[in-house]
Amino acid sequence: MSSKILEAKNITMQFGGLKAVENFNIQIHAGELVGLIGPNGAGKTTVFNMLTGVYQPTHGEIFIDGHRTKGLKAFEISHLGMTRTFQNIRLFKDLNVLENVLIASHQNTDYTIIQAVLKTPQFYEEEEALTAKAMALLKIFDLDKKAKFQSGSLPYGEQRKLEIVRALATDPKIILLDEPAAGMNHKETEALMHLISYIRKEFKLSVLLIEHDMKLVMGICERLIVLDHGVTICQGAPEVVRKDDKVIAAYLGVDAHLESNA
Amino acid sequence: MATPAVLQFRKSFLAPILSLIAVVLAAEIIDHSFNAYIQLIFLYICINIILALSLNLVNGFTGQFSIGHAGFMAVGAYTSAFLSTHPSLFGYEIRFLPASLDFFNYPIYALAGGLTAAAAGYVVGLPSLRLKGDYLAIVTLGFGEIIRVILLNTEAVGGARGLFGISSPADITIAGIEISAFAQSFFWAATAMVLTFIFLWRLINSSHGRGFLSVREDEIAAEAMGINTTNIKVLAFVLSSFFAGIAGSVFAHSTHYLNPSTFSFQKSVDVIIMVVLGGMGSLTGSIVAAIIVSVLPELILRPLQDYTHVDLRMVIYSLLLIIFMIMRPQGIFGTTEISFANLMKSFFHGRKDVIKNS
Amino acid sequence: MQEFVQHLINGISLGSIYALIALGYTMVYGILQLINFAHSEVYMVGAFAAYYTARVLGLDAKPGVLTFITVLVAAMAVCSILGVTIERLAYRPLRKAPKLNSLITAIGVSLLLQYSGQIIFGADPKVFPNILEDASLASFGDVNLRLFDVTILIVGIIFMIALHYLIHYTKTGKAMRAVSNNQVVASLMGINGDKVIAMTFVIGSSLAGVGAVLVGMKYPKIDPLMGMLIGLKAFTAAVLGGIGNLGGAVLGGVLMGVCEEFVVGYLSSTYRDAVAFAILIVILLFRPSGLLGRSQVEKV
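Chains as they are written, first to last, in the numbering used here: chain Y, 1150 to 1411; chain Z, 94 to 451; chain C, 62 to 361.
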């Protein structure tokens, strides 16, 4: 029985009178790859924001690897092993590629300011180790040659990849990817699919994925949860979900659903 | 055979030692080459460099807009001056060194000034740094003024009349070699400046430094990557205040007289101008800007003022501020440090470059 | 009790002036999210515009309603022009830049005006012309209702009502509210953002001019640095009421005036200016959205 890396029980996000997400439940075990799908505005990113601590849920509880996250700040939740990428890329644009990745290692850095300022052997050794680790990660994603490039100057697809590398550098147990394939063409999306499967195996990660690209979703997700107007309307294996009436209606409208049955 | 790490550690002493030698040489050269007026300017250059570097840490590297820097300088200045004019405090002797070693009292005063200023920075920073942009600026402005008003109303440090008779080194002769008062003053001022620069340079190039930068670039992403952004901001603020306090101490012992009106918002603006001019995010830029701001008024403005009988310094400064923010907000050096390659790129390519080294 | 009423009257009078200036801050912040540091200097220039107008037109020795109105119009005109010019030259180029750049520029403009003012007008204080004769209108025991205070209140109310009408019942006002809410969408609806912003500065600056004349009338000493303190107090009033909120600016202004008068009356006059600072810091640390404002949630 593998452990539950992530569990959310009936979490609700209410902004004033608007319930952006209502009674959302999820359980992810170690190594699972789950997709969170639904039409635009369904509340998927809001779910991510609740899970990662950007928003405090109005109701409900979240557990990461058994630890309750109520009242924890986003950075504390990161320390528990949860990391993410953003829908609108949030790289540290003015910094170079390597620095973006190194920042994510700050939480695992042991040397103190005094040691840094005195440039002690420990400082040096840790910096070397961190840089080596960061470069190794970048190499997997074919970004190592651009280590000194300003991250804001990278092409869009590479910026998305860099965000993933950065997230991986936090040594996470679970990674939340928010539309990682947005703006990518077919070839890039294929490569991304392989990459996600690879990192999941290689780094023993659980993955929760928001995506609109159905090829990617159907291709790699083991399980899907479908959100519409903040409410979970279906969950299960991809083949089952894709045929579900409610899901089709949500994406294509009720008429399309009727048409497909005609 | 020592590991590369140990070798690097040993090598890291090179810069500080060489700098110290340079400081001693400079002290002697300036001592014997220039008159007292120019010697004072050299002291001001050191003070301004420390101020600009320390403010840049918060405004440039961490992206938080603090405009009350003069307040922390004042705290350091007054603490240091007070200690030097009071041989005993609450009945306790605080002079530990014999009179012959008075020279070594000055770093102690400076440290006390820096620590007090750091404490003030903590008190101000902790509640304020939750605020964003404009609001943080207003609160820091407010606190800067409050510190000034408190000093104005504190009789123990002279209040509105100011604090007189602050000690400074005296001419001494060691083993037949004459060491002038100025040489000693300059030694401490320049040493403080060098240490400030080395500290901040190494800090920026460490994991904590990257933490500051991440907060500047994108706080939400930084938090998501595990950075305690509040702590980082307060840390930057406290360190910045510490060095401002050191600068204040050097200032106090260079001018022998303190008045709260010196530490007004105008003084904070002076430092902001240095940081904006040099480039928010460039340590070497701050140094260059500090030198320019210390020297230019003497070279150009004072003669101009003698000629026109009008003090144009603040008018020109404010114009510069506006023009730079509109036409070249990254200042002279932007976020890059001085190296020949970068100099060429900065001037000819304008804003950002593809290859970025920190 | 009588002392209380007198302080209240003084406080409301002072507060009306703060409100007029606070409206300028709040309007600009509502539309540009910029703290217009230079607003206090526009106010200062208004006072000097009134001064020189009275001198040049020889109205110095002829107090009366006509003088008052002439001087008021002159101040409002000069302030509007100055305000719009500042917006055009210093703030518009920075519309798309990070907010911090605009803030620094605003500080720069404020300082430029202060120090230029000292050079052009001379640093020594001048005596504001006698534009209206003060008189005691009514007395209830120790409570004295003076003409100046009543004038300030009436003029203040007139302009505030005019502003309210403008904002809520005219097309221009609707456009201003739209731009304040969402500039991009407003421009998609065909609203010329530049014009609306310029209009905002015209109105805000004119109100500062009105405030300047009222202040000059009641406290006749004017100097190039007079804007700093009152600017701080008016800004605090705007924040207190909820920055961006017009009703908040009025509420905040009156509260600030009353608080200040009561502190001076019942505690000590040395704390007159410290009250503003204290209120500002407390508000910013504990309720930055102000009394009537709403806190913003950042979208991630």
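In case anyone wonders, no lab produced these hints; they're calculated from the structure.
One thing to keep in mind: the hints can contain errors.
Said to hold, decoys possible - Once the Cα atoms are required to be at most 27 Å apart in a straight line, the calculated BS3-like pairs of lysine-lysine come out as: (1) Y:Lys1158 - Y:Lys1168; (2) C:Lys123 - Y:Lys1242; (3) Z:Lys225 - Y:Lys1222.
What the hints assert, rightly or not - In silico contact screen, one side only, chain C against chain Z (beta carbon under 8 Å); selected entries: (4) Tyr332; (5) Val336; (6) Phe338; (7) Ile340.
Computed from a predicted model, the values in this text were never measured in an experiment.
Every residue, glycine too, gets a C-beta built ideally from N, C-alpha and C.
Structure-based check of each hint:
1. Y:Lys1158 - Y:Lys1168: Between Y:Lys1158 and Y:Lys1168 the Cα gap is close to 16 Å, so the pair holds against 27 Å.
2. C:Lys123 - Y:Lys1242: 64 Å, violated
3. Z:Lys225 - Y:Lys1222: Judged against 27 Å, a Cα distance of about 18 Å means the pair holds.
4. Tyr332: 10 Å, violated
5. Val336: 12 Å, violated
6. Phe338: 6 Å, holds
7. Ile340: Interface hint status for C:Ile340: violated (10 Å vs cutoff 8 Å).
The structure fails to meet hints 2, 4, 5, 7 from the earlier list, while all remaining hints are met.
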